[in-house]
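Spelled out from the first residue to the last, the chains are:
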Amino acid sequence: MNLDRLLPNLGEWLRGNGPESDIVISTRIRLARNLAGSPFSNRASAAQKAETEVRIRDAIATLDLPHKLDYVDVSKLTPIDRQFLIERQLMSRELGSVLEGPRGVAFDERESVSVMVNEEDHLRLQVMRSGVALDEAWAEIDHLDDLLETKLTYAFHEQFGYLTACPTNVGTGMRASVMLHLPALSLTKEIEKLFRSLQKINLVVRGLYGEGSRASGDLYQISNQVTLGKSEGRVLQEIREVISQILQYERRARQLLVKERKQAEQDRVARAIGTLGSATMITSEETMELLSTVRLGIQLHLLEDLPATTVNQLFIHTQAAHLQKLMGTPLDGEERNSARAKYLRNKLRELGASQR
Amino acid sequence: MNKKKREMHLCEGCAREQNLIPDAPSPQLNLPALLQLLMTQLAPVADAEGDDLDPASLTCPDCGLKYAQFRADGRLGCPEDYDVFLPVLVPILERVHRGLQHQGKTPKAVRKQMAKNEIADLKTQLDDAIAVEDYEEAARLRDCIRGKEAAG
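Top to bottom, those sequences are chains A and B. Read in the numbering used here, the first sequence has 332 at position 332, and its numbers run on one by one without any break. Each number in the numbering used here corresponds to the 1-based position in the second sequence with 1000 added.
No lab work stands behind these hints: they were computed from the structure. Every value quoted in this text rests on a predicted model; they were computed, and no experiment measured them. Incorrect hints may have been included.
In silico lysine-lysine, PhoX-like type, Cα no more than 20 Å apart, as pairs [what the hints assert, rightly or not]:
hint	chain 1	residue 1	chain 2	residue 2
1	A	LYS189	A	LYS262
2	B	LYS1108	A	LYS151
3	B	LYS1112	A	LYS151
4	B	LYS1108	B	LYS1148
5	B	LYS1123	B	LYS1148
6	A	LYS189	A	LYS200
All chains should be modelled from the sequences, with the hints used to inform the complete structure.
Shown next as structure tokens:
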């Protein structure tokens, strides 16, 4: 498959118009599954991994799905293509650039469903949805899992449930996460307090790229830690309740910003647009910070002629692999900073977006 | 800008060296590390009488995983390991999940097998009840079996 054809699309997770999309970027649910009678990926020989890959690949190919899954052999991809799929959230950094040997990822054209093969677990199913949509995501992944279970025999234990390579995933094997944009809570410094209270109820807060990543651009993923002893439904309900609380806090903080320091916010947004539209060198980190400010500006109606989905496009296109694909040439760090600035200048000029 | 297209074929390592793909972001929260910490606190494991259970001696006959390897990277090697390493896993699972019994989805094939086993158990009980001429209990068990067979 030629991955470049994905380039103009935002994919499901950046579609930008799901429920509560003023704050919630996306919902993701993943299920970890392993085949019975085979060693987990980390102890499998290359031959065993190849056999696992073939079995799962064949099973995926025969699934009766409304949106067909295309399989990509990750071991045959160039480093830039791997990075590209990581940036699009279709596969983990682990599968892309840490693990070796036979492995792959199958995904649909909407970029909503993906199945990683020979990740830490033999199978990592993932469903993405724009906005907060835990029920819809669960219904879809549950169905996909049901279908796969008719073709493959999973490792399952009566006491411990679905068995996984890491005991932190055993049981349901389910990790549900909601990605939120929380600029106002970050500005008012209330966010630390919020995170401490989430830890107490066993929810995990992580940055944009999941485990081990920093929160940049005020984007946070909130997910469950517990997979054993609580049903999927109960875990989803707990997350749902917490998200609805956080939405209230963030909205209240945003209202307060507009009420008490509208002028200062307007200035901050104008400066962000100004920098994005005129810089000649810009890092990915700075781009994300500025885009976060612009996104907030749009939500607070401090900016008129910029649609929120454009921010999503700028956000994805300015990441390393996307940028290099758009420019059609490999670029090192410095060159990337200058290409990123050029891309942003051109885009913003095209859009005719300027501060009011 | 010079539009001439350069084509390079690079492996992962060279690409990283040439800085074409960004380094992984610095860690903020790392579950495997957390798990390792939990395990360090737990070792060594001893049973209530303070004898015999030497976790270092545990090795999986199926995949060959040794306790020390599990401790080092926090990953199990195969499905069998959940039974082989049960004594050391239970305290870890209790700390991470505060639960030890799976709740939720179960594969259909497993559900069928579980229902079958349950019916077989009830039939044994029914035979026992008939043998001791407890007909009231036998009738109750028979209805119960019929109900389950109809549901399956």
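We went through each hint and held it up to the structure:
no. : hint                  : verdict
1   : A:LYS189 - A:LYS262   : 18 Å, holds
2   : B:LYS1108 - A:LYS151  : 12 Å, holds
3   : B:LYS1112 - A:LYS151  : 16 Å, holds
4   : B:LYS1108 - B:LYS1148 : 16 Å, holds
5   : B:LYS1123 - B:LYS1148 : 12 Å, holds
6   : A:LYS189 - A:LYS200   : 19 Å, holds
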